[in-house]
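The chain contents come next:
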Amino acid sequence: MQMSLVIDANKCTGCLQCEMACSYEGEGVFNPTKSRIKIFPFHDEGIFVPYTCTQCDEAWCMHACPVEAIVINKATGAKEIVNDLCVGCKVCTIACPFGTVNYNADSGKVIKCDLCGGDPECAKACPTDAITYQDANWTGYDKMKDYAAKAVPAS
Amino acid sequence: MKHVIIGAGPSGVVAAEQIRKLNTKASITIIGDEPEAPYSRMAIPYHLIGDIEEKGTHLRHAKGHFKTLNIDVRNARVEAVDSTNKTVSLNNGADVSYDKLLIASGSRPNAPSIPGIDQAGVHSCWTLEDARAIAALAKPGAKVIQIGAGFIACIILEALARRDVDLTVVEMEDRMVPRMMDNVAGNMIQDWCVEKNINVFSNGQVMEIVKVDGDHTFKVKVKTPTGETELDADLVISATGVSPCVDFLADSGIEIDTGIIINKNMETNVPDIYASGDVAQGKDFCTGEYAVQAIQPTATEHGVIVAQNMVGRKGAECGGTINMNVLDTMGLISCSFGLWQGVEGGESSTLVEKDKWRYINLQFEDDVLVGGTAIGMTQHIGVMRGLIQSETSLGKWKDRLLENPLQIMDAYLASTHTAAIR
Numbered sequence: 053m054q055m056s057l058v059i060d061a062n063k064c065t066g067c068l069q070c071e072m073a074c075s076y077e078g079e080g081v082f083n084p085t086k087s088r089i090k091i092f093p094f095h096d097e098g099i100f101v102p103y104t105c106t107q108c109d110e111a112w113c114m115h116a117c118p119v120e121a122i123v124i125n126k127a128t129g130a131k132e133i134v135n136d137l138c139v140g141c142k143v144c145t146i147a148c149p150f151g152t153v154n155y156n157a158d159s160g161k162v163i164k165c166d167l168c169g170g171d172p173e174c175a176k177a178c179p180t181d182a183i184t185y186q187d188a189n190w191t192g193y194d195k196m197k198d199y200a201a202k203a204v205p206a207s
Numbered sequence: 175m176k177h178v179i180i181g182a183g184p185s186g187v188v189a190a191e192q193i194r195k196l197n198t199k200a201s202i203t204i205i206g207d208e209p210e211a212p213y214s215r216m217a218i219p220y221h222l223i224g225d226i227e228e229k230g231t232h233l234r235h236a237k238g239h240f241k242t243l244n245i246d247v248r249n250a251r252v253e254a255v256d257s258t259n260k261t262v263s264l265n266n267g268a269d270v271s272y273d274k275l276l277i278a279s280g281s282r283p284n285a286p287s288i289p290g291i292d293q294a295g296v297h298s299c300w301t302l303e304d305a306r307a308i309a310a311l312a313k314p315g316a317k318v319i320q321i322g323a324g325f326i327a328c329i330i331l332e333a334l335a336r337r338d339v340d341l342t343v344v345e346m347e348d349r350m351v352p353r354m355m356d357n358v359a360g361n362m363i364q365d366w367c368v369e370k371n372i373n374v375f376s377n378g379q380v381m382e383i384v385k386v387d388g389d390h391t392f393k394v395k396v397k398t399p400t401g402e403t404e405l406d407a408d409l410v411i412s413a414t415g416v417s418p419c420v421d422f423l424a425d426s427g428i429e430i431d432t433g434i435i436i437n438k439n440m441e442t443n444v445p446d447i448y449a450s451g452d453v454a455q456g457k458d459f460c461t462g463e464y465a466v467q468a469i470q471p472t473a474t475e476h477g478v479i480v481a482q483n484m485v486g487r488k489g490a491e492c493g494g495t496i497n498m499n500v501l502d503t504m505g506l507i508s509c510s511f512g513l514w515q516g517v518e519g520g521e522s523s524t525l526v527e528k529d530k531w532r533y534i535n536l537q538f539e540d541d542v543l544v545g546g547t548a549i550g551m552t553q554h555i556g557v558m559r560g561l562i563q564s565e566t567s568l569g570k571w572k573d574r575l576l577e578n579p580l581q582i583m584d585a586y587l588a589s590t591h592t593a594a595i596r
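Note that the protein sequences, when read in sequence, are chains A and B. Each residue of the first sequence is one higher than the last, beginning at 53 in our numbering. Each residue of the second sequence is one higher than the last, beginning at 175 in our numbering.
These are calculated hints, taken from the structure and not from any lab test. You may find that some hints are simply not true.
Stated by the list, open to error - Here chain A is said to cover these stretches of chain B; the calculated rule only asks that three of the stretch's residues, wherever they fall, bring their Cβ under 8 angstroms from a Cβ of chain A:
1) 225-232
2) 249-263
3) 472-481
4) 545-559
Every residue gets a Cβ at the ideal spot worked out from N, C-alpha and C, and that includes glycine.
Could you put the whole structure together from the sequences, leaning on the hints where they help?
Spelled out as C-alpha cells, the structure:
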C-alpha cells in the first residue's frame, strides 16, 4: 500500500510544529529553516499553506541528477537524497518545477522530503490533522499527482 | 532491433536505460570515446576540490550496472556515420550496424585562436583527463590564468581557489557569466570574486601565451581597456565555451546548424537517426525556436523522450526544454531561467541588495512569468521553472510581484495550489 502525505491547508493554524519536527528528524536541530516541509502564511487571506514534495512520478530532480544521488525508496515511493553521492551541484533545485528540493549551505548538499522512511514526523507532530499520512488510493493524492502532471507538460 | 548510441554522457546513458525499460529484448550499444566509465562532467569541479574521488563523478555507481541492463558500453571513437548502409565506423577499424542511431556526442571546448594555446600547461577543464592535468599543476601558490568567465569557468573557480592558487580571470565581455547572468548579476558575481582575492579582467583579451625559462612557465599577454599587461602563469585554463561535437558527421547528410537539427520527435532529417543533449539543436520551450542548450536537465529530458521515439512509441514529443542554470561561484549561488533577458513589451520586477549579495529579477509577458534571475537565493527556486513551463496566469499576484519579487513562492502557491488565495 502506497502512503502519501495529505495536506489540508484549511486545517493549518501555522503553529510550525511540523517544521520543528522535520528539522529535528532531518538535521538534529529545532530550526524551521532546515525543515523539508514549509508553512507559507498568507496573512491578508488568513490562511497557512503547508508545502513539501509530493514524491511525483515524473521525478524531475532524480532524472536531472548527474551523479545518481537521488533514488527511489521502493517501500515508500519517496525520492531520497543519497548524501554520500550528492556533490551539491544544485541542478535538482532548478529542475524540480515545484521548488521542493533546496540547497543546504551548511552541509553543501541538497535536502528534500524523504517521508522519514515511511513514518513522517510532520504528520505525527501536526495537532490539527492538516498534515496526515494516508493510503494514497483514497486521499487527495491522485489529485495532487494530476496537478503535478499538468503543471509541467510531460514535454 | 539494434540501438546504437554515440556518446556515454548523461543524455546517452539515460536514453539507453529508458530504451531498456521499454524494450527488454533490444540490442543496445553505447560508444564513448573516453577510456573511463560513463561519468558526469558536471561533477569534475567537486573532484578537483577534493570532495569526491574520481569514481564519484560516475553517472552510475552500482557494480556491473550496464552489464546487468545488458547495455554494451564500448570505448571507441566514431569516425563516420553511413546512413545508407546504416553503419557507424570506429577508429579501431570496426563497423557497427544499427537500426536506430542516437547521436549524443555532446560538446567540446572551443579553442580560442590565441598564439600558444596549443601547448602543455594550457588546458581545458572538460574531461577527467583535463582534471588530472589541472590537479597536477594547480599547486598552492601556483599562478593560474583562466581565459573565460562563463558557466564552466565560474564553477571551477572555487576548485582552483581552494587549492590556494593565485588566480586571474580574463573575460572578453563586460561581465562574468554573460550568457547566463544579466548586467547587475554578472557584475555582482565579479565583485564577489574580487573580494575573494581573484583578479578579474573583464573586457580583457589574452593575446599570446609564451613559454619562458624562469620561475614561472608562461608569460601571458593580456589586453585590457586600459592597456596591455604581461602576467606570469604556471597553468593556463581555457574555458571559452563549448560547441557541439559534429565534425565526424561531415559527409553523413545529417542537417547541422549550430547543432544537429531535430524535430519534435528528436529525429534528424535522416530517418532512424536521432540526436539529444548538448549536440542537438532542439526546441526551446520559451522561444519556440530550435537552439542548442548545453545543460544537464535538457540532456536528461532529451534522453527520456528520444528513447520513447526510438522504440516507436507514438506521441512522445518534446514540447521544448527550458534554458536554465544554477551556479555556485565560491559560495555565491546564482541561477537563471528561460527568457531572463526579458521580452519586448514585457514587464520586469527587480530587487537588488548589494550589501546582502542578493538579487532577484523576474520577467513577465502579460501576467505570465517568462524568465528570472536570482543571486543568493537557494530555497524553492525551482518554482521559477514551474511557473514558466506551466505558463501559469498569475492574476493579481503579478502586481504583488512587481512590488516585491521576493514573494515568488507565495505567488506560486497562490496561483497553482490554493483556490482561496488565488
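Verification of the supplied hints:
Coverage of the stretch 225-232 of chain B by chain A holds in this model, with 5 residues showing a Cβ closer than 8 angstroms to a Cβ of that chain against a need of three. A count of 0 residues in the stretch 249-263 of chain B with a Cβ less than 8 angstroms from any Cβ of chain A is obtained; the coverage claim is therefore unmet, three being the minimum. Remark: the stretch 472-481 of chain B is confirmed as covered by chain A, as 4 of its residues place a Cβ nearer than 8 angstroms to a Cβ of that chain, reaching the required three. For the stretch 545-559 of chain B, the assignment as covered by chain A holds, since 8 residues bring a beta-carbon within under 8 angstroms of that chain's beta-carbons and 3 suffice.
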